[in-house]
Amino acid sequence: MFTLNAGITQRGGKKCFYIPTTGKTDASASFLKKLSNEEYERVVVRTLTASTIIRNYLQKSKRIGLWIDVEGTSFAAISSLGKEIEKVVVIKVEMEIQRIWRSQKSAHQVLRLLLDLSFVPLICLPEPDSAPRDWVFVRLEHLPMLEELIEERLDKIVNYRVGFKDLLREINKQAKPTLIKSVLLRIFNNGLLIHKVYALLGSSSSRYELSRKMKQ
Amino acid sequence: MNFDKLNNIKAKSSHLISLEELQNKYQNIFPSYKDKGATETKLIKNHATKWFDETFIELCRTVGIDGFLELGAAGAETSRFFSKLGVQSVAIEANPFTYERFTKSAIREGCSP
Numbered sequence: 001m002f003t004l005n006a007g008i009t010q011r012g013g014k015k016c017f018y019i020p021t022t023g024k025t026d027a028s029a030s031f032l033k034k035l036s037n038e039e040y041e042r043v044v045v046r047t048l049t050a051s052t053i054i055r056n057y058l059q060k061s062k063r064i065g066l067w068i069d070v071e072g073t074s075f076a077a078i079s080s081l082g083k084e085i086e087k088v089v090v091i092k093v094e095m096e097i098q099r100i101w102r103s104q105k106s107a108h109q110v111l112r113l114l115l116d117l118s119f120v121p122l123i124c125l126p127e128p129d130s131a132p133r134d135w136v137f138v139r140l141e142h143l144p145m146l147e148e149l150i151e152e153r154l155d156k157i158v159n160y161r162v163g164f165k166d167l168l169r170e171i172n173k174q175a176k177p178t179l180i181k182s183v184l185l186r187i188f189n190n191g192l193l194i195h196k197v198y199a200l201l202g203s204s205s206s207r208y209e210l211s212r213k214m215k216q
Numbered sequence: 001m002n003f004d005k006l007n008n009i010k011a012k013s014s015h016l017i018s019l020e021e022l023q024n025k026y027q028n029i030f031p032s033y034k035d036k037g038a039t040e041t042k043l044i045k046n047h048a049t050k051w052f053d054e055t056f057i058e059l060c061r062t063v064g065i066d067g068f069l070e071l072g073a074a075g076a077e078t079s080r081f082f083s084k085l086g087v088q089s090v091a092i093e094a095n096p097f098t099y100e101r102f103t104k105s106a107i108r109e110g111c112s113p
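For the protein sequence lines, the chains are A and B, in the order given.
So that you can map any letter, position 79 of the first sequence is 79 in my numbering, and since no number is skipped, the others follow by simple counting.
So that you can map any letter, position 85 of the second sequence is 85 in my numbering, and since no number is skipped, the others follow by simple counting.
Take the hints with a grain of salt, since some may be wrong.
Cβ-to-Cβ under 7 Å is the rule here; a few derived chain B residues that face chain A [to be verified]:
#: 1; residue: Ala38
#: 2; residue: Gly67
#: 3; residue: Phe81
#: 4; residue: Leu85
#: 5; residue: Gly86
#: 6; residue: Val90
#: 7; residue: Asn95
#: 8; residue: Ala106
If you are wondering where the hints come from, they were derived from the structure by calculation, not from laboratory data.
Nothing here was measured: the structure is a model prediction, and the numbers come from that model.
Quick reminder that beta carbons are idealized off the backbone N, C-alpha and C, glycines included.
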């Protein structure tokens, strides 16, 4: 295992990092300042692209799991993967629903980026006061090998009442989950599996479809 | 991964229901936080986080990852976990103070600097 003291940006180099004066190891330290007026200590840190890290440290890896918790800069972190995104199969990412940071990319932009890169959302971590922020995306072509796992957890997860619809409603009223689902159903032959995924995400119409198919 | 935290909360609040009871109680409505007090909400959130982390790990193992990259690693818990399973892992932390205090300790566990 390797550890590196570096930030992730789209180009790499050096960048100003903002650390709240309330605590030097505060989890909300970021390359972005918060919208709320906070006092910061500015530190210049070395930055790399995620693609550089994969090329230098994970060159032998063919299937990479990615965990992103970068306080408002998820979009830049994913974009910095470049062609190395092809090696990534599972991504945990934090998507800010509300505007917290200055110059923050919206959750909708992150979601669109991942959908364009052929990733589909599979699970999320519900929040008490807002739509879910932490999501796990899986590369579309790997869904079939997860069918057993989805099947095994389906009832449990559906009962979690995780609201994909709620997420999309909050992040952009124009992005209808049914539209994304219909696109996925068209590009992915196994419609049943897509319905299972969407049932996992709380879609009542997919649950209906599954029940109907089970009765047949 | 937050199981220890959950147990700590349980130990400190002996009057609260057990994890098993909590799971049974909320099996069908979990994680509805409606009308829940602060402590109960915290328990549900911890339970949900544990489930989320475990499912992420299960997904990674099922698709057979052979590399793991953690961006914004702080304590690098997930990287350490995968590293112990023999998965080549890299933990990146931008905050120099967090890196010195939390991330770097992964080196003491036999990781490369």
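Structure-based check of each hint:
Hint on alanine 38(B) is violated. Least Cβ distance to chain A is approximately 9 Å, over the 7 Å limit. Satisfaction of the interface hint for glycine 67(B) is found here, the shortest Cβ-Cβ separation to chain A being roughly 3 Å, below the 7 Å cut-off. Taking 7 Å as the C-beta contact cut-off toward chain A, the hint placing phenylalanine 81(B) at the interface is violated, the least distance being around 10 Å. At its closest, the beta carbon of leucine 85(B) sits 11 Å from a beta carbon of chain A; the interface hint therefore is violated under the 7 Å criterion.
Restraint check, glycine 86(B) versus chain A: the minimum CB separation of about 11 Å is more than 7 Å; hint violated. Of the supplied interface hints, the one on valine 90(B) holds, with its beta-carbon coming within about 5 Å of a beta-carbon of chain A, less than 7 Å. Because the beta carbon of asparagine 95(B) sits about 5 Å from the nearest beta carbon in chain A, less than 7 Å, this interface hint is met. For alanine 106(B), the interface hint holds, the least distance from its beta-carbon to any beta-carbon of chain A being 5 Å, beneath 7 Å.
In terms of the numbered hints stated before, the structure departs from hints 1, 3, 4, 5, listed from lowest to highest.
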